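Take the given structure of chain E and dock chains Z, H and R with the ligands to it, following the hints.
Protein sequences, first through last, are from chains E, Z, H and R.
The opening residue of the first sequence carries number 3 in the numbering used here; numbering runs sequentially from there.
The opening residue of the second sequence carries number 3 in the numbering used here; numbering runs sequentially from there.
The opening residue of the third sequence carries number 8 in the numbering used here; numbering runs sequentially from there.
The opening residue of the fourth sequence carries number 9 in the numbering used here; numbering runs sequentially from there.
In case anyone wonders, no lab produced these hints; they're calculated from the structure.
A quick note: this is a predicted structure, and the numbers were derived from the prediction, not measured.
DMTMM-like cross-link-like pairs, simulated, lysine to aspartate or glutamate; straight-line CA separation at most 20 Å:
| id | chain 1 | residue 1 | chain 2 | residue 2 |
| --- | --- | --- | --- | --- |
| 1 | H | Lys-204 | H | Glu-54 |
| 2 | H | Lys-379 | H | Asp-397 |
| 3 | R | Lys-141 | R | Glu-163 |
| 4 | H | Lys-210 | H | Glu-54 |
| 5 | R | Lys-241 | Z | Asp-158 |
| 6 | R | Lys-105 | E | Asp-158 |
| 7 | H | Lys-197 | H | Glu-225 |
| 8 | E | Lys-124 | H | Asp-345 |
| 9 | R | Lys-227 | R | Glu-139 |
So the derived label-pair ranges between C-beta atoms look like this:
| id | chain 1 | residue 1 | chain 2 | residue 2 | range |
| --- | --- | --- | --- | --- | --- |
| 10 | H | Phe-132 | E | Val-112 | 50 to 60 Å |
| 11 | E | Val-112 | H | Leu-332 | 33 to 43 Å |
| 12 | H | Ser-383 | E | Leu-105 | 29 to 39 Å |
| 13 | E | Leu-180 | H | Ser-383 | 21 to 31 Å |
| 14 | R | Gln-159 | E | Leu-109 | 27 to 37 Å |
| 15 | R | Ala-299 | Z | Leu-31 | 49 to 59 Å |
| 16 | E | Val-112 | Z | Leu-26 | 35 to 45 Å |
| 17 | R | Asp-10 | H | Lys-389 | 55 to 65 Å |
| 18 | Z | Gly-166 | R | Gly-136 | 33 to 43 Å |
| 19 | E | Leu-109 | Z | Trp-300 | 19 to 29 Å |
| 20 | Z | Arg-217 | H | Glu-228 | 34 to 44 Å |
| 21 | H | Lys-270 | E | Ala-113 | 49 to 59 Å |
| 22 | Z | Trp-300 | E | Ala-113 | 14 to 24 Å |
Here are a few chain Z residues that sit away from chain R, every Cβ distance over 12 Å (derived from the structure):
| id | residue |
| --- | --- |
| 23 | Thr-24 |
| 24 | Leu-30 |
| 25 | Met-32 |
| 26 | Trp-33 |
| 27 | Ile-34 |
| 28 | Ala-96 |
| 29 | Gly-97 |
| 30 | Ile-100 |
| 31 | Leu-105 |
| 32 | Pro-184 |
| 33 | Tyr-186 |
| 34 | Trp-194 |
| 35 | Pro-216 |
| 36 | Phe-220 |
| 37 | Phe-315 |
From the three backbone atoms N, C-alpha and C, an ideal C-beta is built for every residue, glycine too.
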Amino acid sequence: MSTEAIPAEKTKRNFNALFGLTLLGLLLLMWIVLAVATPSFATALNITNLLRQGSLIAILAVGQTFVIITGGIDLSVGAVVGFTTVVVALLINAGWPIWAAVLATLLVGVAIGLFHGFGIVKMGLPPFIITLATMTSLRGIGLLMTNGNSISINSDPFQAFSRGSLFGIPYLFWMVILVAIPSYIFLHHTRWGRYLFSVGSNAEAARLSGVNVPRTIFMAYILSGLLAAFVGVLLASRIGIGNPTQGDTYELQAIASSVIGGTSLFGAIGSVHGPLIGSFILSTINNGANLLNVNTFWQRVITGLLIIVIVYFDGLRRRGK
Amino acid sequence: MSTEAIPAEKTKRNFNALFGLTLLGLLLLMWIVLAVATPSFATALNITNLLRQGSLIAILAVGQTFVIITGGIDLSVGAVVGFTTVVVALLINAGWPIWAAVLATLLVGVAIGLFHGFGIVKMGLPPFIITLATMTSLRGIGLLMTNGNSISINSDPFQAFSRGSLFGIPYLFWMVILVAIPSYIFLHHTRWGRYLFSVGSNAEAARLSGVNVPRTIFMAYILSGLLAAFVGVLLASRIGIGNPTQGDTYELQAIASSVIGGTSLFGAIGSVHGPLIGSFILSTINNGANLLNVNTFWQRVITGLLIIVIVYFDGLRRRGK
Amino acid sequence: MTSTAQELHPAPTLAPGRTILELNGLEKRYPGTHALKPVHLAFKAGEIHAIVGENGAGKSTLIKLLTGVMPRTSGEVIWEGKPTALATPHEAMALGINAVHQEVVLCRHLTVAANMFLGEEESRFGLLQQRAMVKEAQKIIDGLGFDLPAHVVLGDLTIGQQQLIAAARATVRGTKFLIFDEPTAYLTRKEADQLFKLIRRLKGDGVTIIYISHRMEEVFELADRVSVLRDGTLVGTRNIAETDEPELVKLMINRSIEQIYHKEHFTPGATIVETKSLSGKGFENVSVTVRAGEIVGLYGLIGAGRSEFVTTLYGRHKKSAGQILWQGKEVQVNSEHDAIRLGMALAPESRRDQGLCLNLPVGMNLNLPIYKRISSNLLISKAKEKAEADRQIADLRIKTPTRNALASSLSGGNQQKIVIGKWLAHGAKLFIFDEPTVGVDVGTKAEIYRLFSTLLSKGAGIILISSYLPEVYELADTLHVFRRGKLVATHGFRTASHEDILGQALAEKQEKPGGQK
Amino acid sequence: ADVTIPIIVKDTTSFYWQIVLAGARKAGKDLGINVPELGAQAETDVNGQISILENAVASNPAAIVISPTEFKALGKPIDEAASKVKVIGIDSGADSKAFTSFLTTDNVQGGRVAADGLAAAIGAANGGKVEGKVALITALPGAGSLEQRKQGFIEQIKAKYPGLELVADKYADGQATTGLNIATDLITANPDLKGIFASNLIMAQGVGQAIAENNLGGKVALIGFDSDEKLIKFLNDGVISGLVVQDPYRMGYDGIKTALAASKGEKVEANVDTGANLVTKANMKEPKIDALLNPKLN
Ligand SMILES: Nc1ncnc2c1ncn2[C@@H]1O[C@H](COP(=O)(O)OP(=O)(O)OP(=O)(O)O)[C@@H](O)[C@H]1O
Ligand SMILES: Nc1ncnc2c1ncn2[C@@H]1O[C@H](COP(=O)(O)OP(=O)(O)OP(=O)(O)O)[C@@H](O)[C@H]1O
Ligand SMILES: O[C@H]1[C@H](O)[C@@H](O)OC[C@H]1O
Ligand SMILES: [Mg+2]
Ligand SMILES: [Mg+2]
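Extracted from the complex, chain E is given alone in its bound form (with noise of 0.2 Å):
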């Protein structure tokens, strides 16, 4: 069906839990081998430093791989954190009580998901245009919000739970254990998670099965925008500013630890593990070549070359060799 297809015609279902553990495995070789070349990393200080710098990431990519699953994307969710970020700041600085402003920010992110199922599924959008469309609309409305400056949200509790910690981990990182958690039991322990499966691997047939498609994808754009908005709020409290212009690029950085932890653009193929230990790789390369103190421009050329060579050694084993 695609060029995608055709090396990795072979993938095996049954392999999948081998799967994660071992692109876990290169993660953890990664760890590994930092830990040894440099005194600071394996810090308790350096560990909750990378934990936080990969949760807004990874919370996004597990949103990002549900849409990718029904064969979908989601240009849109960088915007949407950087839009959210705005609205949470501006409600939190108008008076409301942090829990109503972060409710209201995530009713936000469920409008938006639901734009978005409204275009694909009734005026027929391709997903990539109508989350294109939003991403450049959403900033513009941001910034005209803001008049592109940055609003400094006046309140310290809701700032200090970004820096804040439980047990010695980071609550950005328990943030990621919360949704983790509901979203793998989801996505692999109840039916809606199935039927969007289904809907990758083939609409007509899982329509024809009784499967809701429209709903399915409606579910499918509102749960990413929920996340997006929800990663949003955790950013705002993270840089204690509004602004919409935050977030940029980090759909392109869903997208990839999504494709890195084993997801299919083709859909119908992905997981919850795999975006997140994707995600982990990517905030760990960064990490340990800021430890490293390697040139930011070389680490951009390393970057590069380690995502080639993790995914060529993930998918020789997965094709079995």
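Coordinates of chains Z, H and R with the ligands only, in the frame set by chain E:
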């Protein structure tokens, strides 16, 4: 197979010419509206500007379309553009004759395409991954070569090219024609063009029919790399510098132009005129907004909305309602 | 006999003929499946050699090895006396080996003509001669008697029509050795006859032909010799004149089948569904009634509008006029969701496009319609999920290593069993089976017909669409004949002859339209 | 070199920051210390810079030199960092009282200087009349320093040059070509446009090209910000009327030097203004300016 396929299931190929025409119709409509709304739109100066402004993305979009028709994607083109501005700038400043510098730069583009073909065909990497990796690494290499600096090009004739015109039409737009005509013949009137479609439609069927699928994939990425390098040369001529950070997000603009022009990201559906019209639709939105002195933030909002409207109407007609 | 085959049953002597292709211990292993155990077999130049065997016996695998689609695990292939690697399809084609594969492997986005000439385009000065190719393709199609346009996009044709194109395509290529893998699975008698004419003509031109089918009468009609595969092993080769159907079936499934068609008559119960002058895209003015306990058969040629009729009934397409009455009450079926809620189930005709999620596991495909039922609260009951899938796999003898294997790794017939199996546990009132036994072996067919009876005995009604006349003929309590979108005749159980029914299905221009109720 | 003092800039890919890094590198060599050069990949990537700061703290340096991308956002992270090491700020401010020392140009002041330069150029081209339409092109929305320049520029025009009318206030997407396209369209839409302020390096390159392309050098005045070879050439050719130039090399050099001193507990100056100067064709040969235009990169 995918959510995108649902609404478009009955795409009629024989409507294709009409479709091109009618997307063209939308573009002409925009021009008429702008000509009425602003005194400066329908001036020779502005038409010249508009043609220049749209040319670079138009050429990239054609290359991208070849790749997308095979079911692939080339995220590297923006980085290739930036990188090749550096290459051509360095060569010209090193005293190479312009023709030799340009030729060598185009060969760099071919080499990048070859590398992508190799990654996809021989290493089994998803196109998204290998071209994302190149995108990241190439910017790094370019930055290493320039140390983040812009390289000022010491050649007036080289820079004069992008400002020149023939029969009142800027050279840059002649370059679009120079690319479009052979591309059109190649895609729609040669067997290689047909093989691109067959690989995107059903790579297995193509293989069973004796189509050399690997070679076809190589060809698509080489063409995309070559055209991106060509755009790099033109951009260097236009801005008079070599700078590896230029061409940022051009890949997205090229893909968007292609998809607006009716190309399906699932492969096997696309044309040469579609992406050309798509890219000039995007340039017209920008040009018009500038002439109307629309607030830049509103401009983004409007761009997103117009993309939705245009693709929606185009889709309506294509589905034959 | 020139064959070196070490057959389990000694092959009868044959008229002497030159060996064109010889398999010497040809073997294929997939991960988890030993699909082909070393096979020794020699094909004679100019013969029609049938290959039969159960679903998953290894027939298509053999073909894939011979056409370079898949690499073999071990063994030798000797072409005209010389060993050959057959590593790529290209290599096979260069030798003159071509195939019409079981799954239509063409490009649905390209036109019929483009598909026919794919890889062998006519160019002049590097430019495609598109018009000439369309003309040429049309000539070939017309010459074969297929009523199909060459300029349309392939994806707009039905599966059967695509299958005909795949066959027509083989004639464009300079072929010495041509393999048909279940070419008639989706064809009606009329198209099948056209295809047989083509095959005989090719044979007359000296082409060697391998013919794979689950329809025994075709084997006896066409073949010179027949080989039987069972579980990847070649269990015998016979001259056609020296064998009969029971023997072949016995060889295939290692037991005998008294009768394939299992027909139990139930007293029809209440009306389940009734259409009144239903019209839609591809059919008009169709009135059909299905009662509990009965099978309503729909027969017609390809494109007669039967599938469009049932998919409209099922809410997949909009009706343009008429009414649907469900258990006596008029209902609006606006989506397949509505249909399923009412109690309909549809096993569609195209397993690849409509029936299966090919890159998902067998178990998931089987359970897709019933996930709601096997979920307790929010979570899927893993135990039930396993049990349901395993039950269907056992009941229908779906040959798969485990329920977790991808549907795409199953043989064609076994994939088809999933399409049917997924509805059997659903508990619908009305089952619509559109070409349910396409590519299914005789043993399993008998099994499926028995399952029909079970459904009927539980008070369900069945609409059975088949292009294979014997199937509807032997099973339908009421048999409707469609022609060009109209219901033109209705018969009771075996009340008309095959010839009459065929005649009614064929479009004879002078005949007046309208039914003969 | 056992002592490590990392320097964190806003965006390593721009030439301006490379000069800062060159100054820091030189200081590292002179002082015999290790100077990791860090920075995000875009000025707008606030979160990225926070991460880099966190990583830098984790590597146990003697002190940290940082140029905060965003005033408010970097405040808390800098407070947190300063609880472990000494932090020296350069170039731009942050909402933190924890800086041991601070070496910066005032970007609002830079904007004012640009307005003065533009007014002077327009006056010179129009026989002393400081009148007409002017436009402002900002590379990207959301970058703090660019917003400050914009603020200073607009304030100054309003306050001091009533004859100048700001007809367009545009944002681009950080690409020279976009700056070029916007400038061309502005010139088309406003044939009587008198001047443009392009508030950073890459925009000045794009807008300069638009002026060169349309042969408007001298007719449309252009003020840029920061400098490189290309812009100096434009200045020489009369395409650009003036550049607001800071002293990035010194920020880098003195930043590291101050950080080392601070880490040893020596007393350092709390605030240093490194200055923003208007460079025109007239003063570009002055040794002091020449040194700013041609920093000694190694
Ligand atoms: N790609 C594959 N991967 C793994 N197993 C496969 C693959 N293709 C076929 N098989 C297995 O090989 C065996 C033989 O399959 P094959 O398709 O040759 O059967 P067949 O005789 O053509 O059956 P049918 O009559 O159903 O078409 C089956 O058990 C099937 O599941
Ligand atoms: N020659 C043809 N070319 C293109 N389309 C055709 C042709 N003949 C029929 N069709 C299409 O097929 C539709 C009817 O096909 P349908 O699948 O419902 O028929 P069917 O009786 O079920 O035949 P089949 O056995 O192929 O399933 C018509 O509406 C028409 O659109
Ligand atoms: O002073 C610097 C500024 O802070 C930054 O944003 O851009 C480069 C320089 O002008
Ligand atoms: Mg088979
Ligand atoms: Mg049918």
